[in-house]
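These protein sequences, in sequence, are chains A and B.
The opening residue of the first sequence carries number 0 in numbering that gives the first Met the number 0; numbering runs sequentially from there.
The opening residue of the second sequence carries number 0 in numbering that gives the first Met the number 0; numbering runs sequentially from there.
The set of hints was computed from the structure by calculation and includes no laboratory data.
A hint or two may mislead.
Below are the DSSO-like pairs computed for lysine-lysine, each with C-alpha atoms no more than 30 Å apart in a straight line [to be verified]: (1) A:211 x A:46; (2) A:243 x A:137; (3) B:30 x A:79; (4) A:142 x B:30; (5) A:142 x A:233; (6) B:30 x A:137; (7) A:329 x A:353; (8) A:46 x A:57; (9) A:121 x A:79; (10) A:79 x A:211; (11) A:243 x A:233; (12) A:353 x A:121; (13) B:320 x A:121; (14) B:30 x A:353; (15) A:326 x A:315.
Anything over 12 Å on all C-beta distances counts as not near chain B; from chain A, calculated [as the list claims (entries may be wrong)]: (16) 53; (17) 90; (18) 229; (19) 315; (20) 316; (21) 317; (22) 350.
We treat Cβ as the ideally placed atom computed from N, Cα and C, and that holds for glycine.
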Amino acid sequence: MSDSNVINVGVDLGTSRSVVSGSNGQRHVIESYVAWPVDMVARKVLKKSVLIGEEAVKSRTMVDLHRPLERGLIKEGSEKDLAAVRELLRHLLELAVSSAPKPKAKTKAKGKAGEADAGPAKVRAVVGVPAEAMRVNKAQLRKALEGAVDSLMIVSEPFAVAYGLDALLNSLILDIGAGTTDFCLMRGRFPTEDDQRTLTSAGDSIDEYLLKLFTDRHPEASVTIYMVREWKEKHGFVGEAQGKVEVTAPVNGRPTTYDITDMLRTACESIVEPITEAMLDLLPRIEPEFQSDVRNNIILSGGTSQLPGLRPALEKALDELGGGTIKAVKDPVFCGADGGLAIALDAPDSDWDKLS
Amino acid sequence: MSEKGTSDPSSPSQLRRHILSQAVADNVSEKAGERVRPQPAVAAPPAGPRRDRRLLWLIPIVAVAALWPLIKGGDGGRDGAEPNSPAQELGTLRGAGEPEGSEGAGPVVATPLFDAPKPIDFSVIPLAVERIVIDPGHGGTDTGTTGGGLSEKDMTLDIGFRLRDELEEQGFEVFMTREDDSEISLRQRALQANTLRADLFVSIHINWIAQRSVRGLETYFLGGTDDPVLEALARKENRESGYSLADMKSLLEGIYTDVRQDESRQFASHVQRSLYRSLLRQNPQLRDRGVKTAPFVVLVATEMPAILAEVSCLSNEQEAKLLARPLYRQHIAEALSRGIRGYADEVHQSEAKGS
């Protein structure tokens with residue numbers, strides 16, 4: 000099989016957003032929402048049978064809205080969520096493959112020759128999923144995703160990040176996403192279960208906590224989880240506040256301003272302790288001679304890792320073990336998908352053949 | 000002495016290749032349906048021939064170790080819910096469900112029942128009626144009712160074609176459940192409409208009334224009935240479906256609250272009014288027998304507003320004579336079309352062409 004007719008893609012199927020990075024240079028981000036109109040009327044109005052991403056959220060009054068990888072895994076036995084994962088992947092591939100103008104080659108690694116020319120390209124995808132989904136739903140995921148591509152490899156998201164950054168030896172990937180926080184210890188091998196740990200303290204748990212704090216204090220105001228999520232994304236922080244955080248929420252329809260500085264901090268900081276605890280539990284288990292290496296090679300990725308003040312707070316917790324360094328990845332949005340793409344490009348044809 | 004990891008690859012690129020091959024192997028075994036875990040910690044990557052040999056006899060132990068969490072059904076507090084469970088059929092779509100599993104659940108309605116749409120305030124949503132499915136009743140060996148040398152299946156098909164022309168002229172997209180004298184099950188008819196995602200479903204039938212002097216028009220939408228005559232009629236029309244009326248009734252309990260019912264009621268009254276007003280001129284003795292509810296299978300199993308119109312009576316000799324005339328059948332088709340159009344326009348501000 001010649002390279003000319005193959006498009007390699009790396010996909011990051013996240014709880015909150017999904018990203019695709021193609022060997023043709025296509026890079027796209029969408030929100031991980033999939034929705035189906037609730038009935039005939041909604042279908043008429045929306046003029047679509049499936050809605051993806053932002054569009055799905057906007058139409059949420061008329062649709063059955065799914066975030067298929069809630070809490071990092073597909074709800075057991077939920078056909079809808081499996082179908083949603085597939086739709087998500089399909090949509091990402093459409094974005095990457097169909098919308099590609101003239102495929103430009105040479106994105107990464109070995110710089111495979113340009114995939115140009117005619118004929119429908121074969122798609123090889125490396126799909127990164129939350130580590131927890133790998134553990135629990137891998138077979139189902141494979142089944143759901145297989146039809147959407149010609150060849151498929153599923154890896155855990157933090158592994159894809161590690162591969163993309165070439166941090167395969169003595170490093171710890173700390174991937175703080177929406178549904179889960181994943182720890183993945185890279186010790187020169189494909190990570191086993193022992194090398195990985197998952198917490199549900201992540202972006203979503205901040206949102207839920209903030210919503211609870213807010214509604215407890217201001218029961219008169221109407222707020223939704225979506226509003227709260229937006230507040231966090233815009234103003235969230237850990238540690239010192241950079242100023243008062245004010246938001247508006249309707250009270251009986253009238254916009255009212257609230258100062259949420261303190262509760263926002265409380266909510267955001269709620270993930271620090273569980274994460275540091277897990278980190279401090281994981282690090283001493285490494286063979287002693289490598290511990291300091293790993294401690295100084297902690298890599299922070301994932302959307303929620305971008306919360307201002309979070310990285311220093313985690314780094315400070317390492318003092319207890321003699322200090323360490325936590326580096327944030329340069330491109331937290333694309334690092335997972337780019338890592339997947341690197342895997343896809345590196346894998347020899349013979350391996351891909353086994354996976355088609 | 001340079002520090003090395005728990006494994007000892009001789010170069011970074013070799014390490015990449017090594018890890019990549021493990022990732023592939025993991026996926027290949029998953030694909031093959033084996034539940035083989037990646038190598039656990041003891042199995043370090045190859046370092047030398049001697050070590051390799053040692054590893055050989057380690058393999059069974061390693062395998063057991065790898066599978067142990069599975070056997071135990073848990074892994075350090077995690078609950079090891081394994082996806083070994085029979086994989087769920089994916090993407091099962093709604094539709095007039097196929098008769099799988101008897102459960103007493105009538106296959107025809109099973110899916111719509113469980114997938115009942117949430118109510119929506121229709122007044123806030125302008126709905127365009129675009130696609131209409133016409134269902135000419137009966138067909139094939141199922142002639143329907145007969146009288147005056149006519150059979151119901153032929154009349155309904157003829158009126159169906161005429162109605163199709165009328166509606167198409169107005170810009171609607173029209174489909175027919177049958178276009179020739181073929182026998183199509185009621186379930187199949189409903190399924191067609193559902194698959195096409197039609198906006199409206201119109202089933203055309205001709206009545207036979209025991210009191211032969213009566214010339215009557217009736218339009219049905221989905222609902223229950225206590226009228227023994229209607230029960231008999233429904234039983235007759237539902238004959239091919241294979242379910243008793245009693246079965247139907249219990250199934251229907253759930254569906255009566257369906258949002259479709261209101262829509263169908265309005266749809267039915269538009270059509271009935273139009274039929275009666277238009278045909279009265281040609282047929283002064285015509286009786287308006289009104290809009291009624293009955294559990295016809297095609298009305299139960301369809302997912303869109305659906306009606307069944309009994310547009311004439313073959314039991315009445317005069318009526319049969321009228322029906323034998325193409326012009327009268329054309330009048331019926333036009334009356335149906337006006338009723339459908341009226342419903343589409345008034346209730347839902349149709350965006351269909353030619354408005």
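Consistency of the hints with the structure:
1. A:211 x A:46: Outside the cut-off at roughly 36 Å; violated.
2. A:243 x A:137: 44 Å, violated
3. B:30 x A:79: 22 Å, holds
4. A:142 x B:30: Holds: residue 142 of chain A and residue 30 of chain B sit about 9 Å apart, inside 30 Å.
5. A:142 x A:233: 37 Å, violated
6. B:30 x A:137: 10 Å, holds
7. A:329 x A:353: With Cα atoms ~34 Å apart, residue 329 of chain A and residue 353 of chain A exceed 30 Å; violated.
8. A:46 x A:57: 14 Å, holds
9. A:121 x A:79: 27 Å, holds
10. A:79 x A:211: 28 Å, holds
11. A:243 x A:233: 13 Å, holds
12. A:353 x A:121: 15 Å, holds
13. B:320 x A:121: 66 Å, violated
14. B:30 x A:353: 9 Å, holds
15. A:326 x A:315: 13 Å, holds
16. 53: 21 Å, holds
17. 90: About 15 Å separates residue 90 of chain A from the closest Cβ of chain B, which puts it past 12 Å; holds.
18. 229: The assertion about residue 229 of chain A holds, with a minimum of 26 Å to chain B.
19. 315: 26 Å, holds
20. 316: Holds: least Cβ distance 23 Å, greater than 12 Å.
21. 317: Holds: least Cβ distance 19 Å, greater than 12 Å.
22. 350: 4 Å, violated
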